[in-house]
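Asker: Position chain B against the provided structure of chain A, taking the given hints into account.
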Amino acid sequence: MKQFDVFDVDDPGGAVAVVLLQGALYLDLPSVLVAPLYPAGSALQYPVINPEIRIGQGSVIVKLEQTTSVSPLLLDRYAGTAEDSAQIIKDALDRLICGY
Amino acid sequence: MQLSDWRKSRGISQSELGEAAGLAGPYISQIESGARRPSPDAAKRIEAATSGEVTAAELLGLETGVSKRTKSMAEDAVSFEGNTAVSIPVPPALLEQARAQGLEVEALVAEGGIVALREASKKAWYEENRDVIEANRAHIEKYGTFGQRHGVFRPR
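Protein sequences appear in the order of chains A and B. Counting in the working numbering, the first sequence runs from 1 upward without gaps. Counting in the working numbering, the second sequence runs from 1 upward without gaps.
Extracted from the complex, chain A is given alone in its bound form:
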């Protein structure tokens, strides 16, 4: 398990997966920080702070404002990596936190 890995989740709210945001040094903690991923084209997509990224053959949006800490046990279905989009995610997170 490493930063920007993507894991499928079952979610009644429509998230299809999560991307792991927590850095390598802290991955053995009992909770990890993830952002939920929703299908691209969702009406829930905010510009700038919800970047669209590709995972394998599909596109998803990263709902950064719903970033939350979860149990590592939730992350048991590896689905790929968002490493290629790491900078896009970091930039969007920066905008979310800085507010401009």
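Since the hints were made in silico from the structure, they are not lab data. Where is the CB? At the ideal position from N, CA and C, for every residue including glycine. Some hints could be false.
[Claimed, not checked] As a list, the in silico BS3-like pairs of lysine-lysine whose alpha-carbon atoms are at most 27 angstroms apart:
{"id": "1", "chain 1": "B", "residue 1": "Lys44", "chain 2": "B", "residue 2": "Lys8"}
{"id": "2", "chain 1": "B", "residue 1": "Lys123", "chain 2": "B", "residue 2": "Lys44"}
{"id": "3", "chain 1": "A", "residue 1": "Lys90", "chain 2": "B", "residue 2": "Lys122"}
{"id": "4", "chain 1": "A", "residue 1": "Lys2", "chain 2": "A", "residue 2": "Lys90"}
{"id": "5", "chain 1": "A", "residue 1": "Lys90", "chain 2": "B", "residue 2": "Lys123"}
{"id": "6", "chain 1": "B", "residue 1": "Lys122", "chain 2": "B", "residue 2": "Lys44"}
[Stated by the list, open to error] Covered stretches of chain A (in silico footprint by chain B; criterion: 3 or more residues with CB under 8 angstroms from a CB of chain B, positions within the stretch not fixed):
{"id": "7", "region": "7-16"}
{"id": "8", "region": "35-46"}
[Said to hold, decoys possible] In silico contact screen, one side only, chain A against chain B (beta carbon under 10 angstroms); selected entries:
{"id": "9", "residue": "Val32"}
{"id": "10", "residue": "Asn50"}
{"id": "11", "residue": "Lys63"}
{"id": "12", "residue": "Glu65"}
{"id": "13", "residue": "Gln66"}
{"id": "14", "residue": "Leu74"}
{"id": "15", "residue": "Asp94"}
{"id": "16", "residue": "Arg95"}
{"id": "17", "residue": "Cys98"}
Answerer: Same frame as chain A, but now just chain B:
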């Protein structure tokens, strides 16, 4: 210059101005009456359609007394005598936003307008994303946040 004054001085209708700017006539009417503030993009379109005679900053309500004075000072370099140039750090993202909205960054800084710029950007963002905000609000009301559904600290 007021948009309605400019338009009347040219003898053109709101529909004609809207067409030139790629905007709907009723939208122009709302902007002129003050019922609605244009989005930054619309303000830039109108600025272009009026050949810059009505600026985006004016339309967005950001060309204040001080910024007008600063413009006047820029036209009359003598007025700068006695002033001291200083370097003020401005976050690049804010500069980018100011330029995108056609604002005079120097005037904003002179007026302590970074706060005003942030407020203007915030207002524009909320205005432009009203539908998405509403969709998210409805979604959260129905399903809760992702953290409430899966988070370590979710209510039990």
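Asker: If a hint holds in the structure, say so; if it doesn't, say that too.
Answerer: Okay, the hints, checked on the actual structure:
no. : hint               : in the structure
1   : B:Lys44 - B:Lys8   : holds, 20 angstroms
2   : B:Lys123 - B:Lys44 : holds, 16 angstroms
3   : A:Lys90 - B:Lys122 : holds, 21 angstroms
4   : A:Lys2 - A:Lys90   : holds, 16 angstroms
5   : A:Lys90 - B:Lys123 : holds, 24 angstroms
6   : B:Lys122 - B:Lys44 : holds, 17 angstroms
7   : 7-16               : holds (count 6)
8   : 35-46              : holds (count 5)
9   : Val32              : holds, 9 angstroms
10  : Asn50              : holds, 9 angstroms
11  : Lys63              : holds, 7 angstroms
12  : Glu65              : holds, 8 angstroms
13  : Gln66              : holds, 4 angstroms
14  : Leu74              : holds, 6 angstroms
15  : Asp94              : holds, 9 angstroms
16  : Arg95              : holds, 7 angstroms
17  : Cys98              : holds, 7 angstroms
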